[in-house]
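There are 2 protein chains.
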Amino acid sequence: MGGPEIDKLIGLLAKLPGMGPRSARRAALKLLQQPESRMLPLAAALADAARAVRPCHLCGNLDSRDPCSICSDMERDRSVICVVESVGDLWALERGSLHHGLYHVLGGTLSALGGVGPEDLNVAPLMSRMAGGGVSEVILALPATVDGASTAHWLTDRLRPFGVNVTKVAQGVPIGGALDVLDDGTLAAALRARRPS
Amino acid sequence: MGGPEIDKLIGLLAKLPGMGPRSARRAALKLLQQPESRMLPLAAALADAARAVRPCHLCGNLDSRDPCSICSDMERDRSVICVVESVGDLWALERGSLHHGLYHVLGGTLSALGGVGPEDLNVAPLMSRMAGGGVSEVILALPATVDGASTAHWLTDRLRPFGVNVTKVAQGVPIGGALDVLDDGTLAAALRARRPS
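Sequence lines, in order, name chains A and B. Each residue of the first sequence is one higher than the one before, counting from 1 in my numbering. Each residue of the second sequence is one higher than the one before, counting from 1001 in my numbering.
These are computed hints drawn from the structure, not numbers from a lab. Warning: the hint list may mix true and false statements.
Once the Cα atoms are required to be at most 27 Å apart in a straight line, the calculated DSS-like pairs of lysine-lysine come out as [stated by the list, open to error]:
#1 A/K30 with B/K1008
#2 A/K15 with A/K30
#3 B/K1015 with A/K8
Where chain A lies over chain B, by a calculated footprint (3+ residues, C-beta under 8 Å) [to be verified]:
#4 1028-1038
#5 1043-1051
#6 1061-1067
#7 1182-1188
Sample of chain B residues with no beta-carbon within 10 Å of chain A, all distances over it, derived [what the hints assert, rightly or not]:
#8 K1008
#9 L1013
#10 S1086
#11 V1087
#12 P1118
#13 N1122
#14 R1129
#15 G1176
#16 L1191
Glycine included, each C-beta is placed from N, C-alpha and C at the ideal position.
Chain A with its partners taken away, still in its complex shape (with noise of 0.2 Å):
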């Protein structure tokens, strides 16, 4: 309609998460009807985040400082590490100031169907974290699904020998969530992690 130019951007906009063709064509609009104050500064956001930002080499969040500013925050607790699958999943925790110790990001968590195993997360790092010592608890905030449950085994299993305290996040039933509406697995979990009232 206008050109390549607005072609090409609509179509790589339609590939975000949340956008479709549609979304993309009203963004590419909106953005096309302000060149200056919106279309530039994105451009340069994405660019400058493309140069800066890399996987920190210690725990894998993406930071544009590398250690990344978790890892070298000295105020945070450095005894405690919470094993994570995503930097999604970090954000979301960080979010909430919900842990104040370190993390570790998996990149994944274990599947045979999906074919994913050991050396494809970034397990190898959190060895040598281990090995380096000081480290007295491992909080795996891995997702609750199967896959999570296995990967969440296997590392127990892996993390035994360095004598840390490794526990996990419990499950049960959401704050704020009707019993009625939850699946049985998760009303089975919560069941079978009853505590007293």
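Following the hints, put chain B in place on chain A, whose structure we already have.
Leaving out everything else, chain B in the frame of chain A:
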């Protein structure tokens, strides 16, 4: 969480139509995980489009050519001009290949409440095109709102001296639309504009 570059990128992505803070974080993460294959191409597409795309000086369409690819397409019927409110409306008509003449993008509608007068719209270039001759019909494809209707009325008066046929797109029941969910205004317009069956 990961430095100022990531925060800035999420902030700009969240301002796109159809995006919010949550989807902007997901989009940023997806892009950060594929800097070479997704992030830099999007940055380049934005910069290319911002550099190349300008409003057509004849019709107001956004294009990397001026006159735009529609105005310079000699296969199109140059005697019919379709007046639309926005480039988005032009794109919608072009997607359906519904109009084979030229366009004129007003860039808005007259609005007493919004303080939009004729001098705020792309009207003078339309009058120049009319004065240039060769136009036999002007189709007003403006929104079916109070402001759209008053703009159509005002434009019809301005176009009359040129001796052209001024028409409006029909209002009525949308194809596939059930009568019982339509608003009263649309139902009334459809009844008034009834035709022999």
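Unsatisfied constraints (hint numbers, rising): 7, 8, 9, 10 and 11
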